[in-house]
Amino acid sequence: MNPVMLFRMSFARHICLSCAAALVLFAWPSGLFAGKDLGGVDFARDIQPLLSDNCFACHGPDAKQRKADLRLDTRDGALADLDGVSAVVPGKPSESELVARITTDDEDDLMPPPDSGKQLDAAQKALLQRWIADGAEYDLHWAYKPVSRPTPPRVKNGSFVLNDIDRFVLARLQGKGHEPSREADRRTLIRRLSFDLTGLPPTWEQVRAFVADSSPRAFGKLVDQLLASPHYGERMAVYWLDLVRYADTMGYHSDNKQTKPLYREYVINAFNDNLPFDQFTREQLAGDQLPGSTRRQLIASGYNRLNMTTREGGSQPKEYIAIYLGDRVRNVSGVWMATTLGCTECHDHKFDPFTARDFYSLGAFFSDLEETPVGPQKYTPLPTPAQQSNVDKLKKQIPVLEAVLNTQTPALDDALARWESAQAERIEPEPSVEADANGTVPAVSAGKPIADPAAPPKKIGEILAVPLAKRSAEQKKTLAAHYRTFAPELASTRKELVDLKERIKRLEKAFPTSLVSVRLGKPRTVRILPRGNWQDESGPEVQPTVPARLKFADTESRTKRSDLADWVVSKDNPLTARVMVNRLWALCFGRGLAMPLDDFGAQGTPPTHPELLDWLAADFMDHGWDIKRTMKLLVTSGAYRQSSIAAAKTLAADPLNKWLARQGRWRLDAEMVRDNALAVSGLLAKPIGGASVKPYQPVGYWKHLNFPKRKWAPDSGVSQYRRGLYTFWCRTFLHPSMLAFDAPTREGCVAERTRSNTPQQALVLLNDPTYVEASRVFAERILQHGGDTDGERLAWAFERALSREPSAGERDILLRLVKERAGHFDENADAAKAAATAGEWPPSMALKPERVAAWAAVSRAILNLYETTSRF
Amino acid sequence: MNPEQFVTRLNRRSFLSNVSLGVGSLALGSMLDAGGLAKGPSLGVIDPLHFAPRAKRVIHLCMAGGPSHLETLDYKPKLAEMDGKPMPKSITAGQPIAQLQGNKELKCLGPQHEFQTFGQSGQSISSALPHIGGIADEICIIRSMTTQQINHDPAHTFMNTGALVSGRPSMGSWVTYGLGSEGSDLPGFVVLTSVGGAQDQPIASRQWHSGFLPSRFQGVHFHSTGDPVLYISNPKGVDAKGQGAVIDAVNSINRLRNKTVADPEIATRISQYEMAFRMQTSVPELTDTSSEPQHVFDLYGAKPGDGSFASNCMLARRLAERGTRFIQLYHRGWDHHGGVKNGVLTTAKHVDKASAALIRDLKDRGMLDDTLVIWGGEFGRTPMAQGSGRDHHMKGFSFWLAGGGIRGGISHGNTDDLGYHSVEDVVTVHDFHATMLHLLGVNHKKFTFKFQGLDFRLTGVEEAQILKTLLA
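Quick note, the sequences are listed as chains A and B, same order.
Its first residue numbered 1, the first sequence is counted upward by one per residue in the numbering used here.
Its first residue numbered 873, the second sequence is counted upward by one per residue in the numbering used here.
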């Protein structure tokens, strides 16, 4: 059969995934690749995305879906002779069937087929033709190429270039005819740095000091201070916890508590201690398998247990074992590889060079983990060294006390003799004793003791019945031992031992626990599940191994999670460092150099600055995977210090800010929105780590949870005012304020949060008791410390909330508000009292409720401003 | 188009592929919202629709817990004959079984309720559902539903998102994303949950999550106690005027700020504060049913403020009148592992009258023609006994649909004689989604969203059928 027919037949049957509808919403500026790049066709940039999006679904890596035996994801495949016709003939577009098929007017022959919803436009067709004319060269996908170490280009513009990052940025900008923006003002810079590095606003004192410090080192000093702050680890943890899907509940069905605050604390400390990223990776994937594994590493290995689990009655254990495997593959490949390996659970990947075998082989690394398929998971006690040594010390006293209790002394001999004689007097002879119905003779046939702590056991009674002189040494020993069990002379020692054991038990019960990696004696067998069907056991068994396409290092005979970890952080692995520095970049600029942050595959967008990405990745690895170093490089660059306010022309030319002619600007993350309000009001509690906490939450929000039914009991005292990242993370009913600001439910890996802008957010900031209370307490502080006039107070409030003074316009608006509200509350005492006592934080008795209520309106307005909740 | 324009187009696409991923959504969100919410009804991304819609909105009466089709909509005389006898192994061999797994012998449990024929159409419906029987000529019964998940939580997820992996958008989010909302003062996708019902299986908010779609398409959960919408009430001591004054100040200052910054996000924020303030009026107005005449309460069997399914049906009609696109009602209490006979009766008492009332009320108001009503659970129940009850079952169960382009008085598909396997005109969840979208004027194959490099759609990658025989 000729290939043309083959093509047609196969396409008629197969409906490709269609192109997104509705995607022509606005006009787009042209010339994104203007300048020197236009010289030639670049396979990775121009051709691969085209082929991937339009052709690979049927002519790509997935052998099962492949039509007409044609694959276009490899050069050999594209050039292959299929019954005398080749899709691609290098240098000869006119002889290439591919060109014929994309340009034909015949709907039956046209590629991609019309019913696929895909369509190539004239420019795309021209591009493909030009590529074939140029020789149809293929190139390795950018993300799988070894990381290069490019030399920063030479550029002109001394004042912008603060470090090597800027050379790459500026070269690209100037190539496109843009110039960078001016540096942002000092108070914007300190706010930006504070939010980016600690997730908290700067204090007014910090702002003043920084603005006043004109030394050239001022900026670097500030960066060092912020990187050294314990809140840096908290800020970084928020991001990491999204990636690894940390939560405090199981996730499925009853969604019971399954909290692991030790793991969260580990992450915070790891960032604060600047644990090298390769080590951070090893400890999480295989902390239990590292030589001399420590408590910290064991806690870190809890990463492998962060997946959702179920307790739902009637669930199939085998199905959930398969679900947990898939969950882990998706997460590991998302977190460290930015690879959508999850697509290969049911079939080979449509766009990237991965197979179902890769999926299950990667999953097999985790088949050694002990876990409960359906039911509560088993926690491991994890005492601190102090707790452990305390218990160990106490345990050493046990044999000492036991020795006392087990040693017969002359004094005890005497006491025993006295006891025995007393016993003898109290033993009454009994009438003959008959065996009972079962033929058993009652224990003490010779007589019955009357006043013993307990009736002597049969054996003792028998000994007592033997006259002293006739007793064997063994009998004497037994009797002495029996006596010691209740001897009054040993009473205090006995009690001491009981108390000691009780105490040890209590202490051990108070050991912190967590879910960690515990190994099975024999790992579970892992098979390729045909189409992901857990009931189908016909697939071949697989051993743990990394994806075949990504075997950059020698991975023969590697079968442990620690080997996987070594491979992940091998310097030959081109993905890990690129993926991580790209994400650190996004934390500082609002978007990655390559997008999206979790797909470096063919369907993702190649990096805007490939050389810069590689330079950063190489620097990261060459300097020991030092995260603080990379963060410092990023924030001390001229690119970072630019203003986020750009000229209309720049905005129009580059609405997404791909070329970095300005800084990014965005609404703060959910946790920061909360932390900021608490910090500004002065309520924020700052201890690091610890158990999850429960801020105010609407009553009844949990009413649809069951097995068992439960209530959210808000914390009181300091725990009510802790940072957002400590909020009890209920996967099925995440705290509604967090949810409103796009905190993810953490069911799967999230590398980049949505940043929506909704009426619910307005309702949260206006009416959630957390924010109402923060406004009230802020109002009290304004009245206590803000000065003598309303104007002074307003300036004071603005400085605390926005690190600046109000403009004349802002002043007018808010002074009008406070005046109008004061008038209102003067006439509504009850309302004033209610508003002035919002929340559980003790109200300031020295202040008049009417004044607090009026100023609370102003502080609410300030906390609701766009600027207050945004990072500029 | 020259190569530059081509690349531009490519990048436009990749930009839009970022819509759910943050930075992109800023700009897109702003453009949609600033135009939409500020000026009135917002349209969705499908404009124009792929074809003329038969339904403008959807009301999904979700019978959570898994109603027994064998006691509600699917009568099996053969099963009655087999009552107490062993279930043929040929039917159950190799089938996944939930709580009955490990049972040595599976026995048939005959239908626990009589069935009657109702209406001109003579539809066969359980005597436990006489009111639904009363609208037999309006409804189309599907007796050949199937799903892929045998437990509540994942089965709801599959029914709502068409995917087994959690984290995908729910159908309500898809529909609202695609069609937008007609009302400007209320959310486009509303979820109502009712009190009452015994076996309270938990129901997770992931069932109305927007997944990778922009999060403003998430379902807004209306609560039957406390604030109907979370944080809708003013703080204590703050009246409407005071709240308005604060919002005015916020918006005025944001406007000033926008003069120097020129950020579409600020414009959106301003309109969202206006929307929030309007919602603070429109939501209480919606939930205050005091203007409804007594005969309407009687029709539904509702009492003001009781949080019942009946009250929620009435609320659903009020939401429909106000332009809400997708309304989902969850009523739990169908998980009858034991005592299926009385259990079905009890739960039927909560839902039967009100479900029928909703159809009648919509019809009276001329709204049934463009409102698609869906009635059904996440799965059905086994023909085999679990004591006096039935276990979860995914190979065959029943739904009914009404209104919005649905042909009334008919049935579609059948299960086998014992009600185990769907055997005739088998309907998958994806078929059901495809048909629902079709009625809304949407070609399910063309309605996609790019995420992680893939064009995702509600109906997944497998073929999905439009159930043409159901269409009026």
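No wet-lab data here; the hints were simulated from the structure.
The reader is advised that the hints may include incorrect statements.
[As the list claims (entries may be wrong)] SDA-like mimics (lysine to any residue), calculated; alpha carbons at most 25 angstroms apart, straight line:
no.: 1; chain 1: B; residue 1: Lys-1108; chain 2: A; residue 2: Lys-709
no.: 2; chain 1: B; residue 1: Lys-1175; chain 2: B; residue 2: Lys-1131
no.: 3; chain 1: A; residue 1: Lys-709; chain 2: B; residue 2: Glu-1334
[What the hints assert, rightly or not] Chain A residues, not near chain B, derived (Cβ > 10 angstroms throughout):
no.: 4; residue: Asp-248
no.: 5; residue: Met-308
no.: 6; residue: Lys-571
no.: 7; residue: Arg-667
no.: 8; residue: Pro-736
no.: 9; residue: Asn-767
no.: 10; residue: Lys-833
Every residue, glycine too, gets a C-beta built ideally from N, C-alpha and C.
Looking at the structure, which of the earlier hints fail to hold?
1, 2, 3, 5, 7, 8, 9, 10
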